[in-house]
Structures are given as C-alpha cells and as structure tokens.
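Top to bottom, those sequences are chains X and P. Taken in order, the first sequence gives residues 1 to 663; the numbers are from this note's numbering. Taken in order, the second sequence gives residues 1 to 182; the numbers are from this note's numbering.
In short, the hints are calculated from the structure, not lab data. Computed from a predicted model, the values in this text were never measured in an experiment. Treat the hints loosely; a few may be bogus.
As the list claims (entries may be wrong) - Quick list of in silico lysine-lysine cross-link-like pairs, DSS-like style, CA-CA up to 25 Å:
1. P:128 with P:57
2. P:159 with P:128
3. P:128 with X:57
4. P:128 with X:8
Listed here are the chains, written in short residue letters.
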Amino acid sequence: MSCRDVRKLLPRYVDGDLPPLDVARVAEHLEGCADCRRRLELQRRLAGMLAHLPEPKGAAAGEARLRARMAAALEGEERRRARRGALERWGNALGWAAASAVGLLLIAGVILTGRPLVEQRFGAPPPPTRPATSQPAATPISPTVRYLSPELGFSVECPAAWTARTSGPGVEAPGWLRLGSAGFASDGYVQGDQALGHYAIQVSVLQAPAPAAAEAVRAWLAIVDPGYRQAVGQRSTTLAGEPAVELTNLPDGSREVWAVHEGRLYRLHFLPPQASGRDAVAVAAYERFVQSFAFVPSAETAAPPAGTSTPAPTTPPGVTPTAPVPPTPGSPSPTPVPSPTPTAVLPTYARPVTSLAVTPHEQPIVYAIVGGRLCRSADRGATWAEESIAGLPAGVSLNAVALDFRHPETMYLLTGQGIYRRQGPAAWQRISDLQATALAVDMVDANTLWAGVLQKEAGQGVIVCSRDGGRTWQPAGPEVEISPLGTWAADILVNPNDPSMLWAVVRSNRRDLAPAGVLYRGDREGHWQRLSLGAFEPATGNVDSVEVAGIAYDPNANLLFVGSERSNENAGRILVLRAPNADAADAGSIRWEVAKYIALPIEPCYAPGLVRPLAVDARAPRSLYAATDIVWCGDESPLDRYRLLASHDDGANWDTLQMTGLP
Amino acid sequence: MLTLSYRSQAMESVRCSPVEGFALIFEQYHAGIYRYLCRLVSDADLAEDLAQQTFLKAYRALAAGPQPDNLHAWLYTIATHTAFSALRRRRLISWLPFTDEALHHGPGPEARVGESELVSQALARLPKQDAACLLLHFHEGFSCAEVAQALGLSLSAAKSRLYRAREAFCEAYLRLSEEVGR
Numbered sequence: 001m002s003c004r005d006v007r008k009l010l011p012r013y014v015d016g017d018l019p020p021l022d023v024a025r026v027a028e029h030l031e032g033c034a035d036c037r038r039r040l041e042l043q044r045r046l047a048g049m050l051a052h053l054p055e056p057k058g059a060a061a062g063e064a065r066l067r068a069r070m071a072a073a074l075e076g077e078e079r080r081r082a083r084r085g086a087l088e089r090w091g092n093a094l095g096w097a098a099a100s101a102v103g104l105l106l107i108a109g110v111i112l113t114g115r116p117l118v119e120q121r122f123g124a125p126p127p128p129t130r131p132a133t134s135q136p137a138a139t140p141i142s143p144t145v146r147y148l149s150p151e152l153g154f155s156v157e158c159p160a161a162w163t164a165r166t167s168g169p170g171v172e173a174p175g176w177l178r179l180g181s182a183g184f185a186s187d188g189y190v191q192g193d194q195a196l197g198h199y200a201i202q203v204s205v206l207q208a209p210a211p212a213a214a215e216a217v218r219a220w221l222a223i224v225d226p227g228y229r230q231a232v233g234q235r236s237t238t239l240a241g242e243p244a245v246e247l248t249n250l251p252d253g254s255r256e257v258w259a260v261h262e263g264r265l266y267r268l269h270f271l272p273p274q275a276s277g278r279d280a281v282a283v284a285a286y287e288r289f290v291q292s293f294a295f296v297p298s299a300e301t302a303a304p305p306a307g308t309s310t311p312a313p314t315t316p317p318g319v320t321p322t323a324p325v326p327p328t329p330g331s332p333s334p335t336p337v338p339s340p341t342p343t344a345v346l347p348t349y350a351r352p353v354t355s356l357a358v359t360p361h362e363q364p365i366v367y368a369i370v371g372g373r374l375c376r377s378a379d380r381g382a383t384w385a386e387e388s389i390a391g392l393p394a395g396v397s398l399n400a401v402a403l404d405f406r407h408p409e410t411m412y413l414l415t416g417q418g419i420y421r422r423q424g425p426a427a428w429q430r431i432s433d434l435q436a437t438a439l440a441v442d443m444v445d446a447n448t449l450w451a452g453v454l455q456k457e458a459g460q461g462v463i464v465c466s467r468d469g470g471r472t473w474q475p476a477g478p479e480v481e482i483s484p485l486g487t488w489a490a491d492i493l494v495n496p497n498d499p500s501m502l503w504a505v506v507r508s509n510r511r512d513l514a515p516a517g518v519l520y521r522g523d524r525e526g527h528w529q530r531l532s533l534g535a536f537e538p539a540t541g542n543v544d545s546v547e548v549a550g551i552a553y554d555p556n557a558n559l560l561f562v563g564s565e566r567s568n569e570n571a572g573r574i575l576v577l578r579a580p581n582a583d584a585a586d587a588g589s590i591r592w593e594v595a596k597y598i599a600l601p602i603e604p605c606y607a608p609g610l611v612r613p614l615a616v617d618a619r620a621p622r623s624l625y626a627a628t629d630i631v632w633c634g635d636e637s638p639l640d641r642y643r644l645l646a647s648h649d650d651g652a653n654w655d656t657l658q659m660t661g662l663p
Numbered sequence: 001m002l003t004l005s006y007r008s009q010a011m012e013s014v015r016c017s018p019v020e021g022f023a024l025i026f027e028q029y030h031a032g033i034y035r036y037l038c039r040l041v042s043d044a045d046l047a048e049d050l051a052q053q054t055f056l057k058a059y060r061a062l063a064a065g066p067q068p069d070n071l072h073a074w075l076y077t078i079a080t081h082t083a084f085s086a087l088r089r090r091r092l093i094s095w096l097p098f099t100d101e102a103l104h105h106g107p108g109p110e111a112r113v114g115e116s117e118l119v120s121q122a123l124a125r126l127p128k129q130d131a132a133c134l135l136l137h138f139h140e141g142f143s144c145a146e147v148a149q150a151l152g153l154s155l156s157a158a159k160s161r162l163y164r165a166r167e168a169f170c171e172a173y174l175r176l177s178e179e180v181g182r
C-alpha cells in the first residue's frame, strides 16, 4: 500500500470505519513510515484543533456592526413590507389576529419609546456613512473648463466648479460621488469594491494583454444594493460601447476615461503602474448627474469662447497642485484632428443592442442602437449599415430610437443632449433637451409623446408626457413618482389596439426598495398601477422571480413579452415571460407563462445576465426581437456577450442574428 | 437543556410574532453565524455582509412560510449557501481593496504563527466546501446528516466529503508548517 493510498484511508482508520483487512494493511504501512505516522497523529488531533479555533480578528467589532446593520436592514424590510401591502400577506400566513398583533406591537414600540421596535431590539442603526451626495441635485452646467485629449481629438467640457483632475485615485473631487476604487495586478481580472452609503460599487477592469493599451481596457461599473454587495452585476452600468473619451496627457502620467450613461457622467481615473509602487494599476471611479455634457471635437474648442476662463482647479488638501490640462508645460500641444468623427475609446466588440424599432412598412426597416450607434437593416436584421445622424452634435451618446407608427417617416432619437426628431431624409433636429430613457408616440395624437426619464427630484416621476410635440413636459400622473430617486422608466409601449393603454418598465438602482417591474395604464383617466407578475414577482425568494429588463408587445397575437435580468434570487437561468391576455381590463387577471428559460453560467463564475425584449414585427413571419447581455466568464470571445435574437414562435425558440455589415 | 429550551422559546415567539421572535433568534445565533462565516470565507467584511444577508433571508422566510424543524441547522444552511453563492460569483475575481497594504503582499507564511493561527490558515487554503464540512462538523457540532443537509448532499456523499476534507486539511496544515519552518 502506497503512502498516498494510506493517507486517503487515515481519517476512516482513526474513526474505526475501515474493514479489518484494510486496517491491517494500514497498520503495517504505518509501522514503517514516519511521515504517515505524523499524519495519523495529526488526524487524531484534528477534531480538537478545529473545535478550538481562535477568535476571528475583529469579531467583536464586526458583531456590533452586524447588529447595527440588521437594525437598519429590518427597518427597511418593515417599510418595504408596509409599502407592498404586507399586511395582507402576513394575514394570510399568520392569521389576521397575529398580524394585527405585530402591527400593534410595532406601533406601541414606536409610540412608547419614540424608537422603532427593531431599533430597540438590535440597537440603533449606524449613522449614515455618506451624506446625501449619492443623489446630488442636478445643477445647470455652463461649460467653462476644457480638457483636451489631442490623441483622440476631443475635449471634455465641464463646469468650472468641477475639479476634473486630481493627482491620484482616492482624491475626492468636489461635486463628484466617489464610487469606489481598485488596485490590481497587471494580468487577468482585477477588481475592487467599496460600500459607500446606500451604494456599493464595483469597478471591474479587464485588461489584457498590454496594460497601457487603451483599446484593451474594458471597464464597467456595477451599482448594487448594500445588502447585496456581492451580487456582482445585478445592475451593471456598462460603459463599454458608450461614447467615451480618454484623457491620456495628464501631467502625472495617469489617464482618465469619461463616459456618459443614462444621465450620469462616469469618470475612471487610472493611475499608472509605477505610481502604485509595483506592477499594478489602480483605478478610481466617480460619477455625477449631468444635465448636459458634450464630447466636442478639439478643433472646435482649441480656443475658449469669449467670456469664459479656465480657472485653476481646486486642489484637495495634501495634494500637489497640478495644472489643468492643457496647458501643460512641456507636453505636446493639442493637435487638431481633421475628422471630428466620434471615436469610442472602449472596444468595438462591446456592442450591446439597447434599443430597436421596426417600421410598419410592407418591407419593414429595422432601426437599432448598437453600441451607441444608430444602425439600419432592410432585411429583418440580417445585414446592417450605420444610419446617418446628420444634425446631431458629434460624440453625443445615443440612448434609444423610437418611431411614430402612424407616420413612420418620423423618427426620434433619445440622446444625452436631448430628444431629436427626423422626418424623412431631413437632418435630425432637436425638439427637447429632455434626457429621456424611453419614448412612445401616441397612436391618436402624434403631438402626444410619452417619455421615460431618470427621476432626479421629488415630484418629477419616471414618466413624463408632452401634448405639444415635445416642447413641454409634465409628470404623467402622481402614481409614476416612484421612490427612491434614481428610478427610471426604461421602456414605454402604447397598445396599438387600444391607444389609451400603455405599459412601461421601471428600473431602479435600489432594488431592495423598488424592484424592477411593469407599470400599466389601462384607461384614459391616466391611472398607472404596477402590474403583478404573479408567481414571477421579484424579491419573493422564488428562483424564477423576474427582475424586469424589458418589454415588447405583439398587437396581432395580443402577447406582452417580459424579459428578466439575473437577480440574487435566480440561480442558473433568466426568463422570457408572456401574457396572453395583456389587454385585460382588469390588470389583476393578467396571467403570465414562461416562454423561454435561458440558462446562465453558475460556474466558473456567477455573472450578470439579462434578456431584454425589444420589439415585435407583427407581419408574417412574426418576429420578436430581443437582446441578451450575458457574461460567460470563460475564454469565449467577447463577441459572445452581446447578442441580438429573433423568435418566430412567440418566444419559444430563438435564432441569433449575425448582424453582418456593422461598422 | 437550556439551549434547546431557548431555541424552542424563540420558535414559539416567531410563530406568534415574527419581529419579536426574530429578535430572540438573532440574539441567539448572530455571533455564531458571523464567526462561522468569518472562518469560512476568511474575510471579516464579507462575513459581515453574508451574515446580514443570512438573517434577512431567514427573517423573510420565517415571516412567509412554514417554520423549519431544526432552526439551528437551517440557519447554518442558509449561511453556507449564501457564502457559496457569493464565493461563486467571486471565483474569477480576487478582490483587492485599494489601500496601500493591498498593493503589497500581505504577511506571508514566513511570519511565525502559533498553531491555532496555522489551523485557521490551513482552513483558508481548503476548497470552501471542504472548509464548510470541517467547520460545521467539528466546530459547530453538526452531525453528518446535518452537514449533508447544509451542503445539499446525500448522507453518504457528505461522509465522503468529510473524509476527503480531513485529509486535505492535514495536507494543507503540514505544508504550511513546513513553509513557516515549524
């Protein structure tokens, strides 16, 4: 018997769990093998060693923090329950008497002591670790400071009050919310995270193979709930594919990537390897809400306009002041680049399809926003070409495309600088500075527009309506103000069969407080309500709970499709649901069935994934288009991450469209 | 026994009033669950998050559904699964908080450490399923059947896993001993 064989049997030998023959053979081996005898001794002591483990470092302090966090978390839980009509559920589960008792106890606890019961039980919640800067009020921006990136030919315009440059990661800049920072080695995956107030942020950077090559850097931010800090990518803000600029001529050798996404400006500050002391790179991420922000060709901005100045940036204490960029003595002077065509720094393989619209023509044209570009297909998505955006400012980020179905020559583009409209072959014209995340045109009155927006302030709501073709906007009703701020409507649909009926997808950075879902407006009275997903409701602990990622409607078949994003509750799959009676007058009677399960990897990593129905082409052969964004965690080509799919059987089977011809 | 009666009391309270009863459960178990998670994931911050998630899940489940027969094993099962889920997601991802220390290697095994520290370090080197087996069985006093329940294994698979984990632990411990020159 070899040492290897004996070592495998030693635990059973110690437990007396071996057949007599094996016992004899092991004993015989042990007599002549000191090393195995040493292992035998260790096996005999093992139970005692493991029974008396040392106290984990900092356990007492951690325990106290846990107690405080639980108090806060349970308060949130109670609020959530109250908001979602928890009393009925508790009534069902526990009986009305018990539920009432709980309510009375809670109320009595608050009244008698002035403190919530959970606080009495678990201790006071910790003071907020971060002031309310996580939802900074949007401030009008007047561009006065310009940072040029001669390499790319773009400048970044931002207000004078911003200190856009600092001398290293970790240095706070006024007005910016610091999301997190990470240090990483020069090979493979690297990340870091920090929990900050009610956000936790993960900054992930995949770099390979050359750390210095900008095109090899893919970065994304994941904003996740604090209670689910490890749920990587529950809501990932993918900067890859967004219009971005890289500033490479910073005085200390660092570089920054700036990108706009859904009304926020993200700034990634990369510290070079030598500055971090070893073969490693550090990155810090910041964000702020922006009302307007532009990437402007440097040729147009070489000289600041009259009346503006370039003040010295505010330098945080303890930081060696650095000159704004430019001018930097000794650095190469900005070279105007002949072509003002926007150039995305982030790699071109990252091309999520974020929006899609199909014209009602006999030979339908499919328009899509692919990797931030407007693209067009005349053959149902097989081949694509980039569509003209003449009239739009260079470098503007494109969020979505929408159509007026009754006048399909009228198209809308939702951008980081407002809503643009085009009629026929004319150039795009800006009709509103509203930064919309979704848009639908009324089927009766083309001057009535519904837009989804990021809710930045109380009273605004996530859906706004214009009756004058987009010039002025009003909240679509009191019901669309959804707590907390930072919620937005990601899709809006009008039912062509009954134009008074609308659906909207609502998403939030705070899933614990406002799980993604579908809003429903069933009549002209304008009352919106949240549509129940029945057994697929989010945040129920059900493995098939659906965190809604997008919707599409087939008016001929009367099928409403809903796609989901992987949540903490889902295991290895996400879903496409369909409702065959979506236009039921009683929203409560709408029933949901699974059209498709899409398997997601659990190994080698538990990564983000979503399926987002985009649009339906209702002509035969009926086509339901959907985009997927699934991180496979393996060695596959990054092209596998984003796909455009089409189904011709109501979501049961899907084909991947190759999308040839894309730039 | 005092512990059993206390658990029973907590469960009765949960049935009558989830908030009241849950406070008793939290009092009884939070220290143990938190320390178990600290040892399992070798990261106090992460353990704090996981412990919070564990108790939130337990709270929701207790309020909504049938009560578990074995609260003790049930809570550790939730904790174990919560930890595994988190670790799965981080499998390709090694977190490096951006601090000065993080940019340098942590203390190496060359630092002289006591036996108990060696045991902790050896546990940290094991596959997490193995570490969970050992911690639940030898430290938390779980029976093989309870370990099987916590890890979602059959009884025989749990026994085999436990034997393998013991061998793996010995291997890791001896290697560490050699590295630090003990």
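Hint by hint, here is what the structure shows:
Restraint check for residue 128 (chain P) and residue 57 (chain P): the C-alpha separation of about 21 Å stays at or below 25 Å, so the hint holds. Straight-line distance between C-alpha atoms of residue 159 (chain P) and residue 128 (chain P) comes to about 16 Å, which keeps the hinted pair within the 25 Å bound. Taken as a hint, the residue 128 (chain P) and residue 57 (chain X) pair is honoured in the structure, with Cα atoms around 19 Å apart against an allowance of 25 Å. Proximity of residue 128 (chain P) to residue 8 (chain X) is assessed by CA-CA distance (about 19 Å); at most 25 Å being required, the pair is judged to hold.
Comparing the model with each earlier hint shows no violations; every hint is respected.
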